[in-house]
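Between the sequences and the hints, there should be enough to build the whole structure, so can you do that?
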Amino acid sequence: MTAQTLPTSVLPTRPAVPLKTPVFLTVIAVIVLVCFGLLGSSAAANFRLSTAGDAFVLPTLVFPGKASNLVIGVLLVLAAGYSWYRRKQGLVTQRWIVIVFAALFVLSFLIWVVSGANVTTISLAALLAGAVVLAVPLVFGSLSGVLCERSGVVNIAIEGQLLAGAFTAAIVASMTGNPFVGLVAAGLAGALVSLVLAVFSIKYLVNQIIVGVVLNVLVSGITGFLFTTVMQRDPDLFNSPGRLPIIEIPGLSSIPVIGPILFKQSVVGYLMYLAVFLVWFGLYKTRWGLRVRAVGEHPKAADTLGIKVNVMRFWNVTLGGIVAGIGGSFFTLVAIDSFTKEISGGRGFIALAAVIFGRWNPIGAFMAALLFGFADNLQVTLTIIGTPVPSQFMAMMPYLVTIFAVAGLVGRSRGPAAVGEPYTKE
Amino acid sequence: MSENKRVAAPKAQNDLFRKITQGPGLVSVLGVIVALVIGGLLIAVTDRRVIETAGYFFARPGDFLSAVWKAGTQSYVALFNGSIYNSAQGFSPFLETLTVSTPLICAGLGVALAFRAGLFNIGAQGQIIIGATMAGYVGFAWNLPIVLHLLLVIVFGLIGGALWGGLVGLLKARTGAHEVILTIMFNYVALYLLDFLMNTEMFRRPGSTNPISPVLGSSAVFPSLPGSRLHLGFVMAIALTIFVAWLLKRSTLGFELRAVGHNPAAAQTAGVNVARATILAMAIAGALAGAAGVAQVAGTEKVLTAGIAGSLGFDAITVALLGRSTPWGTFFAGLLFGAFRAGAVNMQISTGTPIDIVLVVQSLIVLFIAAPPLVKAIFGLNKKKRKTRSATTMAGA
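Each protein sequence line maps, in turn, to chains U and P.
Counting in the working numbering, the first sequence runs from 1 upward without gaps.
Counting in the working numbering, the second sequence runs from 1 upward without gaps.
It should be emphasised that the hints constitute simulated quantities derived from the structure, not laboratory data.
No experiment lies behind these values; they were computed from the predicted model shown.
Incorrect hints may have been included.
Claimed, not checked - Partial chain U-side listing against chain P, Cβ under 10 Å, derived:
#1 K20
#2 F200
#3 V211
#4 N216
#5 V219
#6 L226
#7 T340
#8 K341
#9 L352
#10 A353
#11 I356
#12 G386
#13 P388
#14 A407
What the hints assert, rightly or not - Straight line, CA to CA, 25 Å or less: simulated BS3-like cross-link-like pairs of lysine-lysine:
#15 K88(U) to K20(U)
#16 K376(P) to K203(U)
#17 K203(U) to K285(U)
#18 K203(U) to K425(U)
#19 K376(P) to K425(U)
#20 K308(U) to K203(U)
Glycine included, each C-beta is placed from N, C-alpha and C at the ideal position.
Listed below in structure tokens is the structure:
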């Protein structure tokens with residue numbers, strides 16, 4: 001609407017409605033129709049919804065490969081056509097259409113790979129449950145990113161915070177014999193990394209991206225050094241933290257599909273749901289959140305109104321570190337019960353991608369992290385059932401999606417206005 | 001801030017004095033010293049002998065202190081012996097330092113050049129990977145006459161890096177996406193792409209199940225100095241340093257890049273095509289990182305593996321930062337970090353100090369140099385508290 005009322009001279013370089021969305025949707029629709037539909041296997045893809053021990057049994061979903069994908073392909077082509085029509089009218093395509101489009105694409109992709117695999121049955125329940133578990137560190141990392149960046153500090157150091165959390169959780173839990181103490185220590189370790197980020201970027205005005213990049217190297221070096229010199233000398237004393245228990249909520253945990261996702265998690269898993277809610281509630285429903293967002297968008301205005309910009313940023317960065325540190329404990333207290341070098345394996349950068357793909361919103365980042373966890377787990381599942389898709393391309397998915405997202409091909413990702421800029425009073 | 005400076009402009013003499021005592025030169029040296037001391041303390045704290053003597057510290061503190069001193073200095077002596085000189089091998093370890101420095105210098109130049117144009121090139125890692133992949137493929141798959149082959153290996157390596165970097169520049173110029181995010185994501189895409197290729201028939205050594213390529217043909221590799229791993233790639237690194245120095249200082253393009261780096265809006269107004277400058281800056285930066293890939297695949301390693309780039313791309317960032325984004329600064333920073341890398345191997349063998357200490361020292365150096373007020377505070381040079389310029393100078397100036 002606004003695009004129509006604006007005179008074209010205001011936007012000299014860009015057409016009112018960008019071509020990106022219709023073109024992108026058309027390309028995807030054609031791929032689905034031709035590659036997944038016409039050229040796809042006609043074998044049926046079976047998705048099991050129930051697992052052993054469920055309270056009641058859901059039927060297995062069966063999709064005939066070729067036929068289903070042809071139907072989905074036609075639907076997607078229609079949606080793409082609609083997007084072109086909207087553009088002609090001078091309107092952007094509604095967001096819900098793009099979301100439904102993306103969901104159908106994922107479904108079609110799943111049907112295509114499973115029907116073309118050696119084993120044409122996968123357990124959707126296990127796939128989803130595993131995806132949530134793999135997403136736990138990503139969610140914590142991305143919440144850390146949201147907390148920092150919403151207040152105007154770029155956090156490239158998520159990877160370092162996760163790694164520091166993982167290391168500290170392992171060594172403290174081993175020495176105290178109590179994984180819960182390790183969990184708390186992990187939060188403190190993350191905060192320590194954040195503190196360095198905060199001091200250098202806020203007090204000494206060093207470029208935030210530089211500090212972040214360097215911190216990742218520093219944490220990797222220190223943990224690697226201490227792993228070799230301390231942990232490996234006496235693994236029984238320093239590197240056998242023991243696992244946090246998986247807590248099942250009786251009754252609820254045996255609901256098919258959602259039971260294991262919501263009610264059969266480790267403490268870190270439950271904390272994840274709590275953290276997502278708290279960060280969302282804090283940022284959007286409290287006075288504190290309003291101030292944080294003001295500091296991130298327009299620090300000068302916030303300062304004029306009496307908000308202490310740098311103090312606010314300092315505490316937000318520290319809080320972000322605590323959150324990411326707790327997320328790091330997932331690696332050594334939940335996933336496996338020991339630390340190895342580089343155990344976080346670049347997940348901090350996927351978390352960063354989730355922040356952007358989720359548009360700097362805690363719920364969005366949570367969803368994006370779940371999607372990336374899903375891709376991660378799908379990669380494992382697909383290798384087991386033996387599909388023609390090389391696992392490396394599945395592993396690339398989160399990064400490609402993020403490139404598309406920041407390049408504006410999938411919606412538009414715009415960060416807080418003042419992110420990355422140090423604030424100094426004049 | 002600028003007004004303050006004008007008002008309080010000191011006499012030329014004072015200026016010179018201040019430059020020496022508070023300028024980047026002294027701060028850099030002091031930063032390196034502090035980082036080395038902290039690294040030494042870290043080595044000492046985890047040393048067995050130190051821990052033992054700490055048990056009876058109050059009975060015989062001398063034992064403890066001498067153990068601390070021994071642990072720290074022994075490691076650094078071993079580092080020196082492995083990187084510069086030792087009595088058994090003379091200066092031949094220094095040749096190894098030059099070898100290890102070669103890719104660091106090339107990739108560091110790429111990062112530095114992008115910094116000067118106001119771009120954060122975190123993507124050297126991916127650019128090295130793609131450069132090495134293309135160079136490596138030409139090297140082991142093609143059969144060509146002697147000089148031509150190596151030339152094509154170099155050219156394809158440069159093109160590979162330039163494409164990978166230029167793509168980021170293009171996306172940034174066209175869509176406004178932030179290059180930091182793009183380059184980080186492109187690093188991983190390149191990593192998985194190479195991992196995929198190394199598992200195909202096309203790249204894998206015939207008859208091997210390991211992801212390792214055939215050895216590059218003898219016509220495709222840099223000639224090396226007999227008795228060492230040092231190869232002609234180091235001369236390429238020197239040539240590239242001279243080229244970047246010329247590009248930034250003397251060429252029109254270099255002037256445009258620096259103008260965009262200082263103030264894109266002003267540059268645009270002055271008639272610089274900012275989009276073109278962004279794309280070119282990233283492409284040239286990528287080509288320089290690609291040269292690092294060439295040095296690795298056609299010089300040091302002579303085969304292509306999935307881990308060909310190691311952590312070079314990230315080391316390159318610290319090299320460029322330590323070199324303050326100037327070509328020759330980057331060159332010497334590359335030599336310094338190359339010496340750390342080369343010496344660390346010897347250190348690990350002779351004193352058991354893990355190589356990771358190099359990462360710690362390296363990142364501490366960059367942190368300290370990025371925050372001159374902190375270093376000055378440590379050494380009590382901060383008599384008159386002056387607000388330093390924002391650290392964008394690290395990237396820009």
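Now the hints, each set against the structure:
Hint status for K20(U) relative to chain P: holds, with the closest Cβ pair at about 9 Å, below 10 Å. The restraint placing F200(U) at the interface with chain P holds, with a minimum CB-CB distance near 6 Å, inside the 10 Å limit. Annotation: interface hint on V211(U) holds; nearest CB of chain P at approximately 7 Å, less than 10 Å. Annotation: interface hint on N216(U) holds; nearest CB of chain P at approximately 8 Å, less than 10 Å.
Residue-level restraint check for V219(U) holds (minimum Cβ-Cβ distance to chain P is 9 Å; threshold 10 Å). Annotation: interface hint on L226(U) holds; nearest CB of chain P at approximately 7 Å, less than 10 Å. Hint on T340(U) is violated. Least Cβ distance to chain P is approximately 13 Å, over the 10 Å limit. The restraint placing K341(U) at the interface with chain P holds, with a minimum CB-CB distance near 8 Å, inside the 10 Å limit.
Because the closest C-beta pair between L352(U) and chain P is about 7 Å apart, less than 10 Å, the hint holds. For the restraint placing A353(U) at the interface with chain P, the shortest Cβ-Cβ distance is roughly 7 Å, inside the 10 Å limit, so the hint holds. A cut of 10 Å between beta carbons decides the hint on I356(U): the least distance to chain P is about 6 Å, and the hint holds. This hint is violated: G386(U) has a C-beta 15 Å from the nearest C-beta of chain P, more than the 10 Å allowed.
Checking P388(U) against chain P by beta carbon gives a least distance of about 13 Å; that is not within 10 Å, so the hint is violated. Taking 10 Å as the C-beta contact cut-off toward chain P, the hint placing A407(U) at the interface holds, the least distance being around 4 Å. Distance hint between K88(U) and K20(U) is fulfilled; the C-alpha atoms sit about 13 Å from each other, no more than 25 Å. A C-alpha spacing of about 14 Å is found between K376(P) and K203(U), which places the hinted pair at or below 25 Å, so the restraint holds.
Between the alpha carbons of K203(U) and K285(U) the distance comes to roughly 30 Å, so the proposed pair goes past 25 Å and is violated. As the CA atoms of K203(U) and K425(U) are separated by approximately 12 Å, the hinted pair is consistent with the 25 Å bound. Straight-line distance between C-alpha atoms of K376(P) and K425(U) comes to about 23 Å, which keeps the hinted pair within the 25 Å bound. With a CA separation close to 14 Å, the supplied pair K308(U) and K203(U) stays within the 25 Å bound.
The structure is inconsistent with the numbered hints 7, 12, 13, 17, although it conforms to all the rest.
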